Amino acid sequence: MRQTLAIFLDAYRELNSRKLFWIVLLLSFLVVGLFGCFGIDNRGFTFLHWSLGFGINTAMMSESLFYKHFLFVNFGVKFWLGIIATILALISTASIFPDLVSGGAIELVLSKPISRLRLFLTKYATGLLFVTLQVAVFSVGSFLLIGFRGGEWEPRILLAIPIVVMFFSYLFCVCALLGLVTRSSIASLLLTILIWFVVFVLSASETGIDMWKTIAEERVRLLHEDIAKRETELEGLRTTEIAPGLANIGNTLLIASKSGSLEQRRKRLPDAEAAMRKVGWISLGMSGVKAVLPKVTDTKDLLERVILTVEEREGLMRDAARDMSNVEIDQEAEDVKVDMGKVQRKAFERKFSNPAWWIVGTSLGFEMVILAIAGWIFVRRDF
Amino acid sequence: MTTLNAQPVGATQASGRFAGDWVIDLANVEKVYAGRFRRGNVHALRGIDMRVHRGSVFGLLGPNGAGKSTLVKILMTVIRPTRCEGLFLGAPVGDKANLKRVGYLPEHHRFPEYLTAAQVLDYFGALSDVPRADRRRRGGELLDLVGLNNWADKKVKEFSKGMRQRLGIANALTSDPDLVVLDEPTDGVDPVGRRDIRAVLARLRDEGRTVFLNSHLLSELEMICDRVAILVQGVVSSQGTIDELTRDSRRYEIDVTSDSTGTPQATAALLAASLASVARFEQPPSPAVQSPGGPHGLSLRGTLGHQAQGVANTTPISIEPGAMGSSAATIKVASDDARMIQPIIDALRASSATIRAIRPVRSSLEDLFMQAVTDPTTGLALAPGAASTNKREAGNAARAGLATGREAAR
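In order, the protein sequence lines correspond to chains W and V. So for the first sequence, our numbering puts the first residue at 1; every next one is plus one. So for the second sequence, our numbering puts the first residue at 384; every next one is plus one.
None of these hints come from the bench; they were simulated from the model. Don't take each hint at face value.
[Claimed, not checked] BS3-like cross-link-like pairs, simulated, lysine-lysine; straight-line CA separation at most 25 Å:
(1) V:Lys479 to W:Lys123
(2) W:Lys123 to V:Lys538
(3) V:Lys540 to W:Lys123
(4) W:Lys229 to W:Lys290
(5) W:Lys19 to V:Lys540
(6) W:Lys337 to W:Lys290
(7) V:Lys538 to W:Lys19
A quick note: this is a predicted structure, and the numbers were derived from the prediction, not measured.
Please build the complete structure, drawing on both the sequences and the hints.
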């Protein structure tokens with residue numbers, strides 16, 4: 001315990017000596033302060049006591065939802081903590097392992113009565129300490145802000161601390177492994193950001209493919225419905241007693257026309273089903289790839305699940321579906337029109353459908369594997 | 384900067400902490416670095432046998448790349464040995480708990496620049512599992528010991544190389560160790576600092592601690608070490624006390640001048656004739672036998688012919704004449720027994736030769752070192768560095784090297 005505390009104290013001293021640590025901390029305060037300057041009223045956004053007269057107003061969402069979702073979750077967590085502060089944290093912590101294994105420094109610590117694995121894991125934990133402090137400052141500040149400005153004292157906001165630290169740990173384990181292998185802070189930092197980008201692109205692609213799959217499934221479903229409806233209609237026309245003469249000719253023409261349309265849809269159905277199967281396979285493959293990778297986006301989205309109430313979430317889904325309902329994606333030539341609002345709603349539901357244990361479990365599984373590799377290298381290597 | 388003082392550190396007397404006599408007792412230590420990308424393996428250590436006595440100052444010498452640092456790093460668990468038998472402080476090498484009793488100063492060590500000197504001792508002391516109260520107390524004492532008491536609150540980044548080295552020595556002592564391993568402790572330290580460090584080392588020995596020194600500075604090792612080992616190309620070429628290692632090289636040298644004004648050969652012949660009653664030189668005494676030992680490649684060799692306490696004396700003697708035109712010469716008697724040279728002095732005084740100086744001589748550590756790193760068959764210096772072979776040759780080379788190393792260690 002004495003050794004562990006010494007390593008943590010040393011990590012604090014190291015952080016303390018780095019200007020970047022204090023700069024990021026100051027920026028976190030500034031961002032929270034900036035949040036406090038913004039608000040909404042019945043006309044739109046407000047800045048301090050000025051009403052800007054545009055954007056979201058209190059008729060569209062409550063003041064507390066504006067702070068919780070719009071500012072804290074979407075901007076504060078997903079943008080500030082999830083991107084900018086994470087990059088700054090990686091810059092600050094990328095040198096931990098290259099510095100540890102550098103010549104002249106590693107001998108001093110390896111010659112101490114502490115096991116290599118414990119040393120490695122403790123150093124890893126000190127890297128997470130940086131982010132914990134940063135996120136704690138931001139979250140506590142946001143909690144107070146939402147309480148005072150939004151009038152809602154929501155302690156679940158503080159869950160951002162473990163969630164963001166967990167999200168950062170997915171990246172930091174990669175950074176630690178690369179730092180040990182390359183012994184270079186710059187190389188490990190750049191490669192970690194590259195891997196993060198690849199994971200992000202895969203995650204975004206999966207979302208796109210899921211929407212594509214939903215559209216294909218919806219199209220097949222609509223075609224089946226349409227075909228069944230037309231068949232029933234045609235059957236009705238055929239069984240109807242028609243008087244001879246012009247009416248009969250009209251009826252015959254109508255049947256011919258309906259039969260043509262029906263045939264056309266029947267011809268389209270195999271293609272639509274083939275497209276649905278194809279996109280299904282692609283989606284399955286993508287899910288398989290993503291299963292073994294850390295769920296960086298999904299982990300950040302977990303915060304929405306715990307902070308938003310069912311009603312708030314339902315409202316956001318409804319708004320998103322409404323915004324998309326008038327959108328048509330290259331389906332002018334199609335006989336059936338897919339409702340994009342419905343597609344959007346399904347995408348929204350899917351976002352919340354993956355169980356939290358799956359997101360956290362598979363991501364931590366990835367982290368454990370990477371840490372096991374890095375730990376094995378650190379334990380086995382000659383310095 | 385103040386000098387190191389020799390006041391007690393308040394350390395526990397280390398004497399009597401061990402049941403055994405050997406602090407380090409190693410056998411067959413091998414280290415092979417596997418080559419990458421079809422490059423050959425590197426045999427850094429090829430079967431080291433080494434013993435370090437408790438309470439002694441032990442010096443490890445060797446040219447660059449001989450494997451000194453590799454051996455030290457194996458002891459300190461920084462490097463994993465390919466093979467290692469024996470004990471380190473009574474436990475197998477690699478036992479982490481044992482390192483509580485060891486202080487270590489690595490070569491080219493690098494302390495965190497953001498820490499002050501006091502924080503360095505506190506941090507590394509805590510890593511050695513030293514209680515906080517002891518760290519506080521010893522920290523001040525150790526900084527005082529190495530002359531950094533006025534720099535306790537200054538950050539390491541402000542320190543000169545010599546000051547960092549002093550801090551490194553203080554750091555090696557934070558855990559009140561039984562064994563102190565110092566890799567090039569005087570590297571970058573000025574002469575005054577070196578003297579002070581030697582004083583600290585002597586004090587550590589007086590306290591009963593064992594000091595394991597790894598250094599290139601042979602004269603310093605000679606001054607402080609009780610025992611040394613010379614490592615060449617991954618094997619111990621010789622080890623023992625400096626007395627043991629230099630015993631065969633001890634001799635007396637007598638500088639004389641003769642009445643001869645001729646050639647060096649004539650001077651040597653005249654002196655040989657003067658010593659005829661006490662020594663027998665190779666016949667004929669003239670012309671002189673050519674020998675690489677003489678200053679001009681000319682010397683006379685023989686043995687003392689008199690009886691010493693009833694035993695036939697075969698002690699080698701040689702006469703090495705001086706420069707052309709000079710009547711000076713040096714008579715060398717390969718013995719450190721002063722009684723052996725008394726008949727020679729008598730014979731010289733009975734002749735016309737003048738005795739100018741008589742001195743006991745022995746080889747220096749540097750002479751031993753140079754001898755160890757010279758190929759006896761070619762007379763050339765051995766190639767520096769460890770042996771490198773491809774994988775096919777690796778096994779044979781390792782076995783051959785191991786046999787050579789064991790033979791040399793014996």
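Okay, the hints, checked on the actual structure:
1. V:Lys479 to W:Lys123: 18 Å, holds
2. W:Lys123 to V:Lys538: 22 Å, holds
3. V:Lys540 to W:Lys123: Holds - the C-alpha atoms of lysine 123 of chain W and lysine 540 of chain V are around 22 Å apart, at most 25 Å.
4. W:Lys229 to W:Lys290: 40 Å, violated
5. W:Lys19 to V:Lys540: 16 Å, holds
6. W:Lys337 to W:Lys290: Violated. Lysine 337 of chain W to lysine 290 of chain W sits at ~31 Å, over the 25 Å cutoff.
7. V:Lys538 to W:Lys19: 16 Å, holds
Checked against the numbered hints above, the structure violates hints 4 and 6; every other hint is satisfied.
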